[in-house]
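Enquirer: One-letter residues, chain by chain:
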Amino acid sequence: MAASMQTFSRVCSTKHPIKELIRWQITKCSALDRHKNGVHTSCRLLADVIPETFEQKTENKAEKISKAMRLYMERAKNYNSMIDKEIDEYEVGKRHLANIMGEDPDSFNQDDIDRAIKYLLPSGLFEKRARPQMKHPYEVFPQRKEALFGKDGRPHHYQFYTGKPNYHGLLHDINMKYEHLNATETELYKNGKMAEEEDKKLFLHGFQWIDHKTLTKQLIEEISPQEYNRFVLVLHRLLKHKLSYKEEEFLLKYSKKVMTMSQFRSIEKPLIDSDGREYSEATGRRKTSNATVTVYNNGSGQISINGQDLAYFKDIHQREQLLFPLQLVNKIDKVDIVATVEGGGSSGQTGAIRLALAHALCSFVDTDSIERLRLAGLLTKDPRTRERKKPGQPGARKKPTWLVFLILMYCQLLVV
Amino acid sequence: MDALLRMQVLGRIGNIIYRHSQLKTTLLSGRKIPYLRLHSKSFTEKSLLRCMNSVVNNDVFRRTYSITAEQNEHTSLTFAFRCHDNNPANHTIDQEGLFYTVPSEDYKRYLHKAINTEFSAQVKVFAESCIMIRKPALEMIDYIRNSDLNRPVARAIFYGHTGAGKTMSLCHVLHYCSKENWLIVHVPWPAKWNKRNREIAVSPFKEGRIDLPLDAAEWLLHFRTQNTDLLKELTCQFSYTWSKRESTESGTPLIDIVDFGLSRNKFASDCVGVLMKEVKKYACDKRVKVLVAIDGVNGLYSQCALKTEEKENVLIENVSLVRTFRKLLNTDWSNGFVVCTVDINASHYSTRENHTPRYLLGKQGFEVMDPFIPVQVPIYTDKEIYSCLCYYSDRNWIQHPNGKTDEGLKEIIFLSNHNPYTLARVCSSR
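Protein chains in written order, with our numbering: chain A, 1 to 416; chain B, 1001 to 1430.
From chain A, some residues computed to sit far from chain B (all C-beta separations above 12 Å):
| id | residue |
| --- | --- |
| 1 | PRO105 |
| 2 | ARG131 |
| 3 | PRO132 |
| 4 | LEU148 |
| 5 | LYS213 |
| 6 | GLU248 |
| 7 | PHE405 |
Reference listing, derived: stretches of chain A covered by chain B, where coverage requires no fewer than 3 residues with Cβ under 8 Å from a Cβ of chain B:
| id | stretch |
| --- | --- |
| 8 | 313-326 |
| 9 | 329-335 |
These aren't lab readings, by the way, just hints derived from the structure by calculation. Where is the CB? At the ideal position from N, CA and C, for every residue including glycine.
Next up, chain A with everything else stripped away, as it sits in the complex (with noise of 0.2 Å):
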């Protein structure tokens, strides 16, 4: 490298034009060390990619354009003419396949696309990104960062150096305004006015964080799994604090709603017996045990299991099995139950009744209530069975102990 330095120095001192100058040099360098280091390399690509308009700006000394900046304005040139071409033959194919399918080409639009690809081009292939596609190049190629930096090679952003810019910016962004949050607190509570601030919390009920892949996307910077938690973290921390109603917006913006899963489900409508009374009936079932309940609205918290009250179940820790349901939707004393269970055992019962008092019980709650039934996991199916035994061995996971496994192998071979 130091050699092509100099050489590049003699050349530039024998004031030939400068554009031959700096061919002849790069010819040279690259035929010298192409691959040796960056700094060549670089110097190879200023030189193969230097447009004219620089080139009569690089005369002028008082315009300097960096060559970090002339390789920027290079490659985005490249990109936008490689962009506009897609473009174009995007409109051009895009008019072509209208005609073939005999609709308006200006009316065509990215669904009557997909429609046609699909009928034109039908494919059996599983994964869907394997599938022939047509799709504008914008989706197709992705998106480029603006230049970070001016002509004079001096960054735009100051987190430019840390090599994220638009991420640690925006963790900046996060701690100052949780800073400023502490700084209201303080003179809240010099005022004396806290106390009116206490029930102004806020809560995020049904949100969630934005997930890493849509926060790279914001961003359009690489992010790791690390500093995703990093930022998940230092927004929580804004949430928690006292004053976080007050930076609710830049909240919301980070994060998303979370549809309810239950929200899908078909809730039954509760039934009306004979008496004008409304009830709800749902089965369930657990290990070997299957179970009818019931619900009667408006009851008074009598309880009827194959005919016995409660005591049906001797145990505590049974009976807390059906506590569960109507304590959490805060019908203990509220509605009468009717249950039916068969087959099994004791804790296979109180299993099946409870997951059949908590479907019953669905008819007779608001969607809250339903949703925390389900993330209770109240609503679910708790699918465990008997394991079978394994011939060769005491049980369905247990083996031998040594010595049984050593006879039992003597024996074998005796016999073989």
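On the provided structure of chain A, position chain B as indicated by the hints.
Expert: Chain B in isolation, oriented as in the chain A frame:
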């Protein structure tokens, strides 16, 4: 400010000392206590403790804090649950569900051996023995009060589910009769004589009988504690010869026979027999009113697991104690009353499906007892269970603050299924 509240407040504040934010909300919520309005950073543990004394003396603080403390502790547990009349003779149906206190000397004398382990443990913890006034016991006391004592003895049986309070009802009746100066023949749990591995002996009185000397002595001691005064007054009407050298002349006080049985365990079972014979005679002569209270009477008619030295099964009819107490159930005497309970747990393992008297007593027992007055002991009603919860809360048996809220009480009631015994178990830390 009294020392107790001060300690309480200091203790409570000590718990939350490490949580500045919580402290601020607890102490500073809109109250003007200038001493405590400090910036959170200067809120160190030491300075806090230093300022506590002055704060606690602050009038405003004291008022607000003591009021909130009271509000927290009494949610729906605001019933009156105590009956201040401790004489069971005065109890009426109006006092149903209330707890009356058995004086400790009465408890030690009459009920100490009578009750199950759960209640005796509670008596120890609560430092008092309280029995709930319930309908079955009141009904039974009413029967006893109105019975015609000149006629052959009436028999009555408490029955009900396990843990429903049969024994406690019996205790209530027992306390009533002892206060009325009846002679009490109380058998706490005859079913335990049927258990295996007891010390047995061949009866010196008759061939083929089996004695339980230790159990008999234990019972004699119990009998003596319950009836010391009466036993001193009454004297033997017959004379007995125990052996060549030992004999009892007629005219000696009955307590001497008890003491003899206690000192000579060999004759303890015979002493029990003799005493019962004498007691019956006195009752028939109208000298004394006799209450026979047998807890788990079906234990006298179930199978016996005892074995002789030759490994032969002992027939329950041959156990002398059982024979003696079976005789008391007959109607061949008067001026007395027989109160029994039947309990599933007193029966043999194979016969525990039903809690009704006919099933538990079996054919033999039922024929002896019939006719009798059945009194069912039901599980708690809502009124009774809330009274009981108030009592437990008062005695700090329910300690967790959530246990005293309405939701907590509902859970406790649900789990206990209104059963008194289960309620006590649920409320205790398992």
